[in-house]
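Fit chain B to the supplied structure of chain A, relying on the hints for placement.
Residue numbers (the numbering used here), protein chains in the order written: chain A, 45 to 170; chain B, 45 to 170.
None of these hints come from the bench; they were simulated from the model. Incorrect hints may appear among the rest.
Stated by the list, open to error - What follows is a list of derived Cβ distance ranges for each label pair:
hint	chain 1	residue 1	chain 2	residue 2	range
1	B	Gly62	A	Gln46	18 to 28 angstroms
2	B	Asp118	A	Thr145	38 to 48 angstroms
3	B	Gly62	A	Gly125	30 to 40 angstroms
4	B	Ser89	A	Pro61	42 to 52 angstroms
5	A	Pro122	B	Asp75	45 to 55 angstroms
Keep in mind it's a predicted model, so treat the numbers as computed, not measured. Yeah, the Cβ is synthetic: ideal placement off N, Cα and C, and Gly gets one too.
What follows is each chain in one-letter form.
Protein chains: 2
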Amino acid sequence: MQVQHYERVPQNPVNMPGAQGCAIRWLVGPDQGAPNFAMRQFEVSVGGHTPQHTHPYEHEVYVLEGRGVARSGDAEQPLRGGDVVYVAPNEVHQFRNTGDTPFKFLCLVPNVALEKQVAVAPECDS
Amino acid sequence: MQVQHYERVPQNPVNMPGAQGCAIRWLVGPDQGAPNFAMRQFEVSVGGHTPQHTHPYEHEVYVLEGRGVARSGDAEQPLRGGDVVYVAPNEVHQFRNTGDTPFKFLCLVPNVALEKQVAVAPECDS
Chain A
45 MQVQHYERVP
55 QNPVNMPGAQ
65 GCAIRWLVGP
75 DQGAPNFAMR
85 QFEVSVGGHT
95 PQHTHPYEHE
105 VYVLEGRGVA
115 RSGDAEQPLR
125 GGDVVYVAPN
135 EVHQFRNTGD
145 TPFKFLCLVP
155 NVALEKQVAV
165 APECDS
Chain B
45 MQVQHYERVP
55 QNPVNMPGAQ
65 GCAIRWLVGP
75 DQGAPNFAMR
85 QFEVSVGGHT
95 PQHTHPYEHE
105 VYVLEGRGVA
115 RSGDAEQPLR
125 GGDVVYVAPN
135 EVHQFRNTGD
145 TPFKFLCLVP
155 NVALEKQVAV
165 APECDS
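Next up, chain A with everything else stripped away, as it sits in the complex (with noise of 0.2 angstroms):
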């Protein structure tokens, strides 16, 4: 069993085409071996936003603090921490950090988005 806390895990940016000011850690992904999907903790900052895009697999989202949305297409829903977000596979999304505060979420995807590279191959921009 490892334990370890989210702010010893490195951070890295973002550099997805679309991304600004995205930072991501592995909680637990390909290093702990884990065989079915992985955990991963994004943080953006005020002002900043994730990718727009799509992808054939599902997101499971819980929102740790600050204050955003999550947008698909025209529509945007306010997030704040304890909000859980469900993305199906191939449903258009993107989060944006609307506070003045970071914005923190954990953000879980199959193991399938690894072999897809979905963290550097964004299939359109916001």
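Same frame as chain A, now just chain B:
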């Protein structure tokens, strides 16, 4: 895209042998049609614990609130908000509230766990 606060998700007692004072919310699961894995939230009351058990798939855990320990056999590791736990397949594990407030954490499982009905059929008791 589905958004809801975790507190609006129905909470049910965990009636597995070996569980004490545990309740579960299925934040993302079969109702949402997620194809690969499920996000559950557990709330363990003061003095309570999950069953001590093992199963052939992983857990990915994120501690939200309260104080507790992750026990694996004779080993215990303290837990607090922001801690991440990876439980590998076939690893014995148990989560215990050691604080004086509810101990809340996310615990994600691959869908194979649903087929095996682990939520109601632990392989061994505490």
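message = The hint says 38 to 48 angstroms between aspartate 118 of chain B and threonine 145 of chain A; measuring C-beta to C-beta, is that right?
response = Once the Cβ atoms are compared, 42 angstroms apart, the range 38 to 48 angstroms for threonine 145 of chain A and aspartate 118 of chain B holds.
ask   = Does the Cβ pair serine 89 of chain B, proline 61 of chain A satisfy 42 to 52 angstroms?
value = At roughly 47 angstroms between Cβ atoms, proline 61 of chain A and serine 89 of chain B fall inside 42 to 52 angstroms, so the hint holds.
ask   = Does 30 to 40 angstroms hold as the CB distance between glycine 62 of chain B and glycine 125 of chain A, or does it fail?
value = This hint holds: roughly 31 angstroms between Cβ atoms.
inquiry  = Looking only at beta-carbon atoms, does the pair glycine 62 of chain B, glutamine 46 of chain A fall within the given range of 18 to 28 angstroms?
reply    = Distance hint for glycine 62 of chain B, glutamine 46 of chain A holds at roughly 23 angstroms.
Aspartate 75 of chain B and proline 122 of chain A - C-beta distance against the hinted 45 to 55 angstroms = violated, 22 angstroms
Hint violations for this structure: number 5 only, all remaining hints satisfied.
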